[in-house]
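There are 2 protein chains.
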Amino acid sequence: MSCSIARSLEVIGEWWTLLILRDAFFGVTRFEELQERLGIARNILAKRLDTLVDHGVLERRCYDEARGRHDYVLTEKGKALWPVLVTLRQWGDEWVVGEGNQPVAMVHTSCGEQTTAVLTCDHCGEELQRREVRVVAGPGLDDPAMLPAVSRR
Amino acid sequence: MSCSIARSLEVIGEWWTLLILRDAFFGVTRFEELQERLGIARNILAKRLDTLVDHGVLERRCYDEARGRHDYVLTEKGKALWPVLVTLRQWGDEWVVGEGNQPVAMVHTSCGEQTTAVLTCDHCGEELQRREVRVVAGPGLDDPAMLPAVSRR
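Top line first, the protein sequences correspond to chains A and B.
Under my numbering, the first residue of the first sequence carries the number 1, and numbering increases by one thereafter.
Under my numbering, the first residue of the second sequence carries the number 154, and numbering increases by one thereafter.
Bear in mind the hints are in silico, worked out from the structure with no lab data behind them.
Beta carbons: idealized from backbone N, C-alpha and C, even for Gly.
The reader is advised that the hints may include incorrect statements.
Unchecked claim - Not the full set, but computed from the structure, chain B residues with beta-carbon under 8 Å of chain A:
1. Arg160
2. Gly180
3. Lys200
4. Thr204
5. Trp248
6. Ser263
7. Thr268
8. Ala270
9. Val289
Build the full structure now, drawing on both the sequences and the hints.
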């Protein structure tokens, strides 16, 4: 599949993987701490971390050469996943956990206020509404059947 | 886990589920068409659709009562997932598929230009940068250990 969503999911489309990334954004870098926080089996955690390192989302940084110990740190590619986790958390806050039950909130330090991320257009700066966005063929489209039914009509 | 990301993933945290949602946003509503587009086994597709209906992300709408046929349509809860799919696709375009190979692009019909979604602060309107956002405890936090390492220091 050429679809970017499908190909992204090959990298991060799995429950544990996204929770590992959540913790990586929270500053957790050690295998032991990840294992404790997530309550995940050590062999599964090791496999998921390997996959993330193989895909260049995390990198290993040695902190104790003698004992072969390393931290797992987000790469630029990994840090670029931040908007995905933010929008997913916001959806969960609103539709799964529900208003008033959000476990965490975000403060925008530059304005000092609690913030909710809004998707805006990088061209005109207005908020993007789903109904005002049309999906069109990109340069890498190899199967026009991938396009929305409505765009093909 | 109280984490909204973890609880969201219980609903949508699976490869096929997100691709079904992608197609739902593309206007695909029929079982047969989903099956053909995704190349997914019928029993797996049926199970994933049931889960999405059970969680109120999709709903069944009868179009042929005599034959018991229905469409699968996004609910409000389902439509609210749009920002997650947009940010995931954009990440895939940039970091997996790569510049110049994007299978699809978005046009913002209200300004007429090709658009990339940017996360902005709903309070001040500025672009949200990861380094300018601090995660703080929300009303539903039952385990302070969930917070970022840096916020607990």
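When the least beta-carbon distance from B/Gly180 to chain A is tested against 8 Å, hint result: With a closest approach of 4 Å, the B/Gly180 hint holds.
Hint check, B/Arg160 versus chain A [nearest Cβ-Cβ separation less than 8 Å]: For B/Arg160, the interface hint holds, since the closest Cβ of chain A sits about 5 Å away, which is under 8 Å.
Satisfaction of the B/Ser263 interface hint, Cβ to chain A closer than 8 Å: holds (5 Å)
Per-residue hint verdict: B/Val289, partner chain A, C-beta under 8 Å: holds (5 Å)
B/Ala270 as an interface hint toward chain A, with CB separation required under 8 Å: Because about 4 Å separates B/Ala270 from the closest Cβ in chain A, which is inside the 8 Å limit, the hint holds.
Restraint satisfaction for B/Trp248 [CB to CB of chain A, less than 8 Å]: Since the shortest Cβ distance to chain A is 5 Å, the answer is holds.
Restraint satisfaction for B/Thr204 [CB to CB of chain A, less than 8 Å]: At 13 Å from the nearest chain A Cβ, B/Thr204 fails the 8 Å test, so the hint is violated.
Interface restraint verdict for B/Lys200 against chain A (beta-carbon cut-off 8 Å): violated (16 Å)
Hint check, B/Thr268 versus chain A [nearest Cβ-Cβ separation less than 8 Å]: holds (5 Å)
In summary, the structure is inconsistent with hints 3 and 4 from the numbered list given earlier, while agreeing with the others.
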